[in-house]
Each structure stands twice: as structure tokens, then as C-alpha cells.
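Order-wise, the sequence lines are chains W and G.
Heads up, the first sequence is in this note's numbering, so the first residue is 36 and it goes up one at a time.
Heads up, the second sequence is in this note's numbering, so the first residue is 1450 and it goes up one at a time.
Hints were generated in silico from the structure; no laboratory data involved.
Model, not experiment: these values are computed from the prediction.
Some hints here could point you the wrong way.
In silico DSSO-like cross-links for lysine-lysine, where the CA-CA straight-line distance does not exceed 27 Å [as the list claims (entries may be wrong)]:
1. W:Lys255 - G:Lys1657
2. W:Lys208 - W:Lys303
3. W:Lys303 - W:Lys163
4. W:Lys108 - W:Lys163
5. W:Lys163 - G:Lys1621
Cβ-to-Cβ under 10 Å is the rule here; a few derived chain W residues that face chain G [as the list claims (entries may be wrong)]:
6. Val59
7. Thr62
8. Gly94
9. Ser130
10. Val153
11. Met206
Glycine included, every Cβ here is placed at the ideal spot set by N, Cα and C.
The chain contents come next:
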Amino acid sequence: MTDSTALYDIPGPHARRRHLLYGVASTVVILALAGWILHLLFDNDQFTSTKWSPFLYEGIQELLLEGLGNTLKAFAYASVLSLALGALLATGRLSDHRVLRWISTLLVEFFRAMPVLVMIFFIFVALKVQALPALVAGLTLYNGSVLAEVFRTGVHAVARGQGEAAYALGMRKTQVMTYVLVPQAVRAMLPAIISQLVVALKDTSLGFLITYEEFLHAGKLIASNLDYDLPFIPVVLVISPIYIGMCMLLSWFATWVARRERRSPKTKAVDVAPAEPETLLPGPQ
Amino acid sequence: MDVLTDNFSLYAEGFLGTVELTVYASALALVLGFLMASFRVAPVGSFRVFGTVWVTVLRNTPLTLLFFAVMLGLPRFGLVLPFELFAVLALGCYTSAFICEVLRSGINTVPRGQGEAARSLGMSFSQSLGTVVLPQAFRTVIPPIGSTLIALAKNSAIAGAFSVTELLGTYKTLSELGYNIVWTFVWIAVGYLIITLTISALFNVLEKRWGVAR
């Protein structure tokens, strides 16, 4: 099974029986817990037809789809813009000019240390911007700064000989970057980049808090409808699988890319990053 | 500048609210994350499945959705708790998934020989995990746990939008009082910087004290 672990021996007949017992017992406990929650839901009249009937109406289905569309729209804008900003800030941080380096380091560190929500609220409340641009701008500033760090780590992760060889061939710095280092860095960092986009997708739900009409907002509208007896739990039960499913699909895609890139001969000179959101302490590394 | 001096108590209250949320949620996240990590490496299949499902689902849940479901959903089952407690619950469970992954990858960095040696001495699973593998894993996971807890402190801002007293929420009162919004936000930003930089410094000290490069 999991032969990567050295924490326990391959179980013998005795231990196997004991593990089976534990397994059965814990499965029973988990199932009982699930059953209890279901019972609570039934007891609370959460499965009455009145509460679920709203999902049959076309108007409400359209409302949900529109919310989903708005979520995806914010995600699309935010991811494209943050990739662009990330590339720009990474270029600044890798620059030979000290001033440029300082400015971009300052920006990256500041925006990484600020909660996204504070930036979104600042842009929305203080600068009096519409909800969608405020959400996209906040997400772009944060994810762009994180992506800048991802790009920079990627460029530094390429084996030193690659850059040295390119310089030895007489290439300029721009050429070394664009032809040699960046293509390999992007390949290696692709899983980490996609994982950061998952973070962006999750954070589009912050738009709910500044009354952007996204998916959760549509859910809230349906949930506060008295005609259907305030169908809050049904709404959560419908919305969360869709939200979580979307994020999971993107996460799995990142893992798949990571596995593929690790096998690819084009990433020989660089370690492929694992498909996890970037976790680095703020401050100079 | 007036904004801070005139409303120092309001800011202090919000600041302490955020600190409190961060501390309690961190404690919950560390405990739950530890539990889930040991589930994920356990020899019993159903524990492993439970741990994996917990991590996969929570890591892919938007935190706003979780807050939405916990804050507005649980009271419908007659579970009436103060909002702060709901917030700690949501934040703690959400972050525990990330802590679990950090711990698990920390366990994987401990060389296999260590676990094998512990086993050959006749130690049980919990003994070898608790006295041999985890103390070594602890040294490598200090920086990523620091980052995760910083993320938690930043995420606690969402609680403010669900009527929990914390730093970001102070802007509403202050803008109603007619203070300059930009300066209001500047001081809120300073508050968050203080918290995140403190955690970062704390973990740098821990790293210097106990960390090892493997």
C-alpha cells in the first residue's frame, strides 16, 4: 500500500485483524455522524418540497447561472491581470537597476502582507470604484505579487550552468532571460502558478462582501426568499458542491501538470515545484 | 493622524479582536491539523480516507462560503453561539487543512531510516511518530507553519464582514463618524502589518533556535 512510509511494519495477520476492527469501528462512527447530520436536516424540515422548489424555476436557475458567470468573469480578469502584473514585478525584482529592484520589492512585500479584503475594501470604499473593478484590482494586486515571487523563485531554480552557458555564447541579459531562463522557469513553476490561480478563484467569493453580484450573492438572494420558507440549507447544499468542484478541478489540473512536467525532458535543469499554493514568509528570504 | 489618536480605543478594540481571533483559531488549526496529519499517515484505511477528504474539501472551499455556511447555517439548527466562536471554528477548520499538509510534507522529509530504526526498537506507531519522527519533522515545518498562520491572520479580516469585532470592521464606524477614509485605512493597514510582521519575526526566531536544513 503506502510503502513510502516507514512508520509501521507491513502488518501481520494479528495487526491486520486489529486494523480491520479499527477500520470497521471508525467507519461506523463516521457513518453514524453523517446519519445524525442527515437526521438533523430532516428534523429541521430542510428537505420539504417548498424549500427545494425554487430550483425548479427557470428564473432562479438563470439567476444562479448569472452569478456563476459573474464569478468566472471576475476570475478571468483577475487571473490574466495578475499574471501580467506578476511578470512585470518579477522583471523589476530581477532587474540590474537597484532603484527598480527596491521599488518592486517594496510593492511585492507590501501587497503580500496585506489581507486581500483590506485592499478590496479600500478600493471599493475609499476610491469609490464599482464592485467588479474593485474586486479584480484587489485580487490582481495580491495574486500578482505572489506570482512575482513564484516567477522569481522559478528563474533562480534553473541550474546555474544554463544562464552561464547563455552568457558565454554572447547573449545579452534580455536574451538570456527570454530564450533560456524564463521558458524553463515557467515550465517548472506551472503547477505553482495554477495553484495560485485556484487561490484567486476562491477569493472571487470575497466579492460577496462588497455586494458584487456573484455566485454567493445569487445564493443569498434565493436563501432570503420568504415564499420558499427561507431555503438557506438547500442553497448551501447546491452552491458548495459547484464552488468546491470548480476549485478541485483546477487543483487536480495543477497536480496533473506537475506530474507531467516532472517526467518531461525539458525540465531536466530545474526542479518542478509541487502543486501547492506558495507558502513563503513575508520579508527578505 | 487625528483618526488614530481620536479613536484609539476603537482601533485598540478591533486590533485586540483580530489578535484574539488569530490566536484561538491558530490553536484550533494546529490541534486539528496535527490530528488530521496523523490520520493521513495512519495504517488504518478509513482514517486515511477521512483525513484526505477533510483536506481536499477544505482546501478547495472558498473561505467566504465557509463563513457564510457556518455563520448563517448553524444557527438554523438551534446552535446559537457568539459570532466570535463561529468565526474561530470556520477559520480554524479551514486552516487546519493547510497545517495538515504542511505537517505531512514535513513527515515525508524525515529520512526513512529514522522510522525504520524506531520500529526495529519495537516502538509502536504512536511512539515512533510521537518521539522520533514528529520532533524531527517539527524542525523543518517551522517556516511553512509561520506562513500558514500569517495567512490565517489575514483571512480573519473576513470575519469582520460577518459582524465580528475585528480590525477591518472599524472602518464602518469611522466612516460614519465622518473621518477621512484613506487615513482610516492607512491605520488599519498598519495594524495588520504589525500582526503579520510579529508572527513572521516570531517564526524567524523559532527557525533560528530549532530549524535545521535538511
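Here is how each hint holds up against the structure:
| no. | hint | result |
| --- | --- | --- |
| 1 | W:Lys255 - G:Lys1657 | 48 Å, violated |
| 2 | W:Lys208 - W:Lys303 | 22 Å, holds |
| 3 | W:Lys303 - W:Lys163 | 49 Å, violated |
| 4 | W:Lys108 - W:Lys163 | 21 Å, holds |
| 5 | W:Lys163 - G:Lys1621 | 14 Å, holds |
| 6 | Val59 | 8 Å, holds |
| 7 | Thr62 | 5 Å, holds |
| 8 | Gly94 | 22 Å, violated |
| 9 | Ser130 | 25 Å, violated |
| 10 | Val153 | 6 Å, holds |
| 11 | Met206 | 33 Å, violated |
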